[in-house]
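**Student:** Letter by letter, the chains look like this.
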Amino acid sequence: MAPTIGLHEVYLWSTDLVSEKKPLPRLANKFACHDGHCFPRHVLGWHMQCTPCQVQFDRAEFGKPAIHSDIASKRRLSFNLSHSGRYKVCAVCSQPTIGVDIESFDQSVNWRGISERFFSPEESDFLTRVSSFPETDFMRIWVRKEAVVKALGVGLHMPLSEFCVVDIEQACFLPKVEVPLYRALFYLSDFSLDCATLGAVATPLPVERVAHRSI
Amino acid sequence: MTLEFHLGEDMKLKSVIANVLKENEENITDSASTKTLKSWSSLKHVDLILAIERTYAVKFSTAEIVRLQSFKDIVAALTKRGVAFEH
Numbered sequence: 001m002a003p004t005i006g007l008h009e010v011y012l013w014s015t016d017l018v019s020e021k022k023p024l025p026r027l028a029n030k031f032a033c034h035d036g037h038c039f040p041r042h043v044l045g046w047h048m049q050c051t052p053c054q055v056q057f058d059r060a061e062f063g064k065p066a067i068h069s070d071i072a073s074k075r076r077l078s079f080n081l082s083h084s085g086r087y088k089v090c091a092v093c094s095q096p097t098i099g100v101d102i103e104s105f106d107q108s109v110n111w112r113g114i115s116e117r118f119f120s121p122e123e124s125d126f127l128t129r130v131s132s133f134p135e136t137d138f139m140r141i142w143v144r145k146e147a148v149v150k151a152l153g154v155g156l157h158m159p160l161s162e163f164c165v166v167d168i169e170q171a172c173f174l175p176k177v178e179v180p181l182y183r184a185l186f187y188l189s190d191f192s193l194d195c196a197t198l199g200a201v202a203t204p205l206p207v208e209r210v211a212h213r214s215i
Numbered sequence: 216m217t218l219e220f221h222l223g224e225d226m227k228l229k230s231v232i233a234n235v236l237k238e239n240e241e242n243i244t245d246s247a248s249t250k251t252l253k254s255w256s257s258l259k260h261v262d263l264i265l266a267i268e269r270t271y272a273v274k275f276s277t278a279e280i281v282r283l284q285s286f287k288d289i290v291a292a293l294t295k296r297g298v299a300f301e302h
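One line per chain: the protein sequences are A and B, in this order.
Counting from 1, one number per residue, gives the positions in the first sequence under this note's numbering.
Counting from 216, one number per residue, gives the positions in the second sequence under this note's numbering.
One or more hints might be untrue.
As the list claims (entries may be wrong) - Listed below are the simulated EDC-like cross-link pairs for lysine to aspartate or glutamate, each with C-alpha atoms no more than 16 Å apart in a straight line:
id: 1; chain 1: B; residue 1: Lys253; chain 2: B; residue 2: Glu268
id: 2; chain 1: B; residue 1: Lys274; chain 2: A; residue 2: Glu116
id: 3; chain 1: B; residue 1: Lys237; chain 2: A; residue 2: Asp16
id: 4; chain 1: B; residue 1: Lys274; chain 2: B; residue 2: Asp288
id: 5; chain 1: B; residue 1: Lys250; chain 2: B; residue 2: Glu301
id: 6; chain 1: B; residue 1: Lys287; chain 2: B; residue 2: Asp245
id: 7; chain 1: A; residue 1: Lys176; chain 2: A; residue 2: Glu208
id: 8; chain 1: A; residue 1: Lys88; chain 2: A; residue 2: Glu178
id: 9; chain 1: B; residue 1: Lys253; chain 2: A; residue 2: Asp106
As the list claims (entries may be wrong) - Partial chain A-side listing against chain B, Cβ under 8 Å, derived:
id: 10; residue: Thr4
id: 11; residue: Trp46
id: 12; residue: Met48
id: 13; residue: Glu103
id: 14; residue: Ser108
id: 15; residue: Val109
id: 16; residue: Asn110
id: 17; residue: Arg117
id: 18; residue: Pro121
id: 19; residue: Glu122
id: 20; residue: Trp142
id: 21; residue: Leu156
id: 22; residue: His157
id: 23; residue: Pro159
Worth flagging that the hints you see were computed from the coordinates, not collected in a lab.
Glycine included, C-beta positions come from ideal geometry on N, C-alpha and C.
Excised from the complex, chain A in its bound form (with noise of 0.2 Å):
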């Protein structure tokens, strides 16, 4: 049976799509969801105690997937997806709102140009000048924007460079980040699902635990 989610918790599922074991295609046969969102279903399906196929899914105004009004208000969860590389993740909470974003390292990525057009001044300072690994702190600044802009539902309409998720004076990332245009504040938690893919999580409110099920 699904425990229930608390407030500050989070559930972080993943599936590595390269594992020799590819459990999802029989699950997607088993429930017939030819739909591409076996995935988000499964998981959601499991956390609502409903079979995947029960899971409905509606799109809010800037696409961000949601589950279905009628379905929601029996049990309020808040989902969001990722997909970078070998892995797909799937982040649930019992919160209004939730991001999550995840990137594999590719060092073909134009880091310094990026972060000089796209990110606050203050952030990429903080990779020229403060950073000693700044290939892996762009993504890190990349990843948390993501989950930010993911949480609000507005995805790049809004202008990346619009908030901040580091501290340049401490040389440290901020563990809750303001974003004045949407009178929002979202907390921030890290993680990494290999040496070589990082990922964050935004949501309204702090979070004390994420639970991590790799399927």
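With chain A fixed as given, assemble chain B onto it according to the hints.
**Tutor:** This is chain B only, laid out in the frame that chain A set:
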């Protein structure tokens, strides 16, 4: 005598996209988009925007960056800025 090889603008753009997304150029068809190419992630999207801006000496607004979701969208945006694509 120098032999000049003129690369059409559409082939040039496809080459930029393929290079950033690390795809074979034959995968960058006229209908290529964020929906058809898994490699076209949000991070690769902003990397691609930078590469296109530098190649064509243009600059896109935030609203445009969000709208450029396919090869055709990019062709349309560049055409507006005077880049001549074959039709």
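**Student:** All hints are to be evaluated individually against the structure, with a verdict given for each.
**Tutor:** Hints versus structure:
no., hint, result
1, B:Lys253 / B:Glu268, "violated (22 Å)"
2, B:Lys274 / A:Glu116, "holds (14 Å)"
3, B:Lys237 / A:Asp16, "violated (21 Å)"
4, B:Lys274 / B:Asp288, "holds (15 Å)"
5, B:Lys250 / B:Glu301, "violated (24 Å)"
6, B:Lys287 / B:Asp245, "holds (7 Å)"
7, A:Lys176 / A:Glu208, "holds (13 Å)"
8, A:Lys88 / A:Glu178, "violated (27 Å)"
9, B:Lys253 / A:Asp106, "holds (15 Å)"
10, Thr4, "violated (32 Å)"
11, Trp46, "violated (26 Å)"
12, Met48, "violated (28 Å)"
13, Glu103, "holds (6 Å)"
14, Ser108, "holds (7 Å)"
15, Val109, "holds (5 Å)"
16, Asn110, "holds (6 Å)"
17, Arg117, "holds (6 Å)"
18, Pro121, "violated (17 Å)"
19, Glu122, "violated (18 Å)"
20, Trp142, "holds (6 Å)"
21, Leu156, "holds (5 Å)"
22, His157, "holds (5 Å)"
23, Pro159, "holds (5 Å)"
Taken one by one, the earlier hints fail for this structure at numbers 1, 3, 5, 8, 10, 11, 12, 18 and 19, listed in ascending order.
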